[in-house]
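Participant: Now that you have both chains on their own, put them together as the hints suggest.
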Amino acid sequence: MSRYTGLKAVFKREFQGYFATPLGYIFLVIFLMASGWLTVSRDFGQFLEIRQAALTPFFRFLPHIFVMLVPAVAMRLWAEERKTGTVELLFTLPITLEGSYLGKFLAGWSFLGVALLLTFPMVIWVAILGDPDWGTIITGYLGSFLLAGAFLAIGMLFSALTKNQVVSFILSVAASVSLLSLGLPQVLEFFGSIAFIGGYLEQILAALSLFDHFHSLTRGLLEFRVFAFFAVLIVGWLGCGMMLLNQLKAS
Amino acid sequence: MESEILVDVKNIKKSFGAIKAVDDISFQVRRGDIFGFLGPNGAGKSTAMKIITCFLEQDAGSVHVAGHDTLTESLAVRQKIGYLPESAPAYGEMTVTGFLQFVAEARNVADSAAAIARVVEMTGLERVVHQTVETLSKGFKRRVGLAQALIHDPEVLILDEPTDGLDPNQKALVQDLINRIARNKAIILSTHILDEVERVCNRALIISRGQMLVDSTPRELMGRAGNHNVIRLVLREPDKALADKISAQNWCERLVRQTETEWEIVPKDRANHLNQVMAMLEGREIESIAVLEGRLEELFREITEGVCA
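Protein sequences appear in the order of chains A and B.
In terms of UniProt numbering, the first sequence has 86 at position 86, counting the first letter as 1, and numbering is strictly consecutive.
In terms of UniProt numbering, the second sequence has 148 at position 148, counting the first letter as 1, and numbering is strictly consecutive.
Careful: at least some of the hints might be erroneous.
Unchecked claim - Here are the simulated DSS-like pairs of lysine-lysine, each with C-alpha atoms no more than 27 Å apart in a straight line:
| id | chain 1 | residue 1 | chain 2 | residue 2 |
| --- | --- | --- | --- | --- |
| 1 | B | K80 | A | K12 |
| 2 | B | K240 | B | K268 |
| 3 | B | K240 | A | K249 |
| 4 | B | K185 | B | K13 |
| 5 | B | K13 | A | K249 |
| 6 | A | K12 | A | K249 |
| 7 | A | K249 | B | K245 |
| 8 | B | K10 | A | K8 |
| 9 | B | K240 | B | K171 |
| 10 | A | K249 | B | K10 |
| 11 | A | K163 | A | K83 |
| 12 | A | K83 | B | K268 |
| 13 | B | K10 | B | K20 |
| 14 | B | K171 | B | K138 |
| 15 | B | K171 | B | K185 |
| 16 | B | K268 | B | K245 |
| 17 | A | K8 | A | K83 |
| 18 | B | K80 | A | K249 |
| 19 | A | K249 | A | K83 |
| 20 | B | K171 | A | K163 |
| 21 | A | K12 | A | K83 |
| 22 | B | K20 | A | K163 |
| 23 | A | K83 | B | K20 |
| 24 | A | K163 | A | K8 |
Stated by the list, open to error - Okay, the calculated bits of chain A under chain B, using three or more residues with CB under 8 Å as the criterion:
| id | stretch |
| --- | --- |
| 25 | 91-101 |
| 26 | 174-187 |
| 27 | 228-235 |
Read the hints as simulated data drawn from the structure, not as lab findings.
Beta carbons are placed, not taken as given, at the ideal position from N, Cα and C, and that holds for glycine.
Next up, chain B with everything else stripped away, as it sits in the complex (with noise of 0.2 Å):
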């Protein structure tokens, strides 16, 4: 059974004078969804998430967040979500702990003080709650952002580029972070970091210029990259014989030398072909062999130069 759907966006449209910054973009992310919004920069993914949590107001199109429009229901849409602004802005002048308690009163959480403890040690603030916000470093700004878009247990939560900016340890850690709270959540963060999508989300979202491109799975997507399944053969020693045999297979659809010992082996059908390589060799001695995987690195740039060309 599939689970409940938490933000269903129908064609929705947005434009800045003559700049279309969303144009028709529609998707649907259901309770245990991790949905990756993709794109080059500018291409429109925080305006169409100013548009989900309602701090911006669409020109066409709909957006209901658990069941509530955003146009007319919009107080109780801000009530389910949990939102982490691009570049995470704070009240600098306010300790952690003052900072957070401001938004458990302005979402008239219950026990304030029972959910900033919840989210100061899920987001690691301990250390610094008594510091005011304009003297944390980078990271600690960002989880500070992180904890008050968790303080209400929110139903939905959107991250805009969470992990921007950040260090590599500081990166691993809110990716564990949203791996850890997304189960009876949904989802939505926006990146343009490739490695993030493949990591932690279930589901990803292609759009440039304000369009949408792909809507599909990580791995599915890394399928449909130009390498995928790519075969990388190394030999002790150059073998025309066996080049010319792997060449003329029918699934083979080229060999590249890219010396005369080293060779790519595209595959036609970006099917696993390790075996039938394999059973080729019959005892010539190799370096190594390896099966590429898809990188979307590949896939972006072949779908996003496609619609910018």
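The following block holds chain A by itself, in its conformation from the complex (with noise of 0.2 Å):
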């Protein structure tokens, strides 16, 4: 008996609750059909319109649709479990809060990972067009899957925090956008035209961009910040998360 007793068998529970039930399926078929619309589109990604052989088109708006997928794949985990009474069930099981929550973010990150996935036509597409530079597709998954993960473990704690579905995704959205734009220029520069304290400002949240972590992953630069960032990020939101419900499981 550890501190992650039943991980196991939450995570296979879990994992292959997203494919027991048509929620999963139709939000790969969304995700697959967003994320291709963006890069291909000449609004957006104009992955046609740049001749290049690259997937820059298609990283770039990947934060802007796991803002609002993500959130659902994130927002029954707890909630569910409470509304339903499961939640005692779970926890009188011989199964530790750790294990029970890593094991639910773990399946969680996993169903993302195989969204991420299917997107392999993407990368097939680049490799008949051109010389792609597979350093930089390698290091883009890399840094896709992890957001996925960071976004992930702030939909938990929403999840952990209500016993409503719908609220738990709107607050995680909320607090996913409100991280997101906090790397913006236009965010950038409104703190910074604080007074006295805005250069500092400036400085911290620039220090904290999702975005800015996020593509110099896409840029194909493996620096230990940034994985130190999402390590941070997604320890503490899970840490978090845990402790809420720990308080939260019995009301």
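Facilitator: Right under this line is the structure:
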């Protein structure tokens, strides 16, 4: 018996759960359609117009898709358990809080990983069209996976916070959008213009920017600070979510 | 020799804000016991069970299950217990087999296929094993809940209202099942149906507003009920002399005339005085004579109302 007792059983159940209802398939279809369309669209990715054998247009709009779709993957993870009362069943099995929380997280993350893997036709396409830089494609996918994990950890906390899946979805979209927009030039400019502390604020916010860290991976840069950033973000949100769930599970 | 204590609850207390859900409850359940937890809705039955099963932590007091402390050895306790929460929650989108497989894996059951086959047979789920849980009727859902609680053949079984909301046939089925598996286990079941306690349990604890009122056997409880061993006598014709004679007996508390010919004789000591009454009848013609058994309903009302007042 360890701290993570039950992780495997929970992981297996949750991962299969995505494919036991239409929800998982609907998610995959919407994700693939949205990412494909944003990539080739003349208004957004301009994949065809830029005439480069690279996945930059694809990775560029992935955060925008994740911000809406990852909360949909996360929302049911705890809210449903608390609403239907199965949370009582789960926590009276010999499963630790860490085991169940991480089991669910890893299941959701793996599901998002499957969604990313299913974008492989895009990779085949660039390979046929030209001679792509494989390094940036691999680091780009790695960055996408880490970004998905970060949004999932955020969404899970809100799923633990409420019994209502819709409320959980809306809160986690709002939190994810706020976090994402911290790195936008307009936002940085606004905070930078505040008297005295503006300069520091701008630096701090820029350092917290998800866009910035994600894009350094899509450009093919493997930096320690980027991995540390995502690790802290994911572990932090998971830790807070666990504490919250422990308080709220019986209410 | 008394058998081993499997559940030992000592002075547990639990409050939610200003509400004292459980207020100083203590009891012990031994191997072989079927322990009835009796009380009106909101008495604290479910809260006490959630504490024993490690879902909630008590504010004060201690609980030991098979020697393990629920606070410090929570996983070991949960491994020993099979638990059916109130209204038997289960994952609706899973099939019965899939759900039982999950519980078996979470509980580290060595041969899960054999364990599933055993509990499916035990609870009569053969017909629905491939259906998803959400498509099942209430009775079947409850049986799925029982099956998951039994899958690791636990020493301690805790059932929160196992028959609530079931039809009479399903109720009888579940009660039979509990009686069948009772040997070598300690079972705690909560209910607000008194019949069930009489039929299934060998010990009963009455709680109300979080407090323990009585810890006794159902038979003893019945003996304490106001109408225990009352004799109901129906005569062919009114007989004033006989009524006076019975009233004059020193064991007779009072004689209640429902009608001129239908009487209820209440004994002082709640003992059975049928033979004395029969002797006094001396060939008079009677319609019927019966000794009433104490009803738990009576006692339950007397006790719980006393507290609530």
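Participant: Which hints from the list above does the structure break, by number from lowest to highest?
Facilitator: 3, 7, 8, 9, 12, 20, 26, 27
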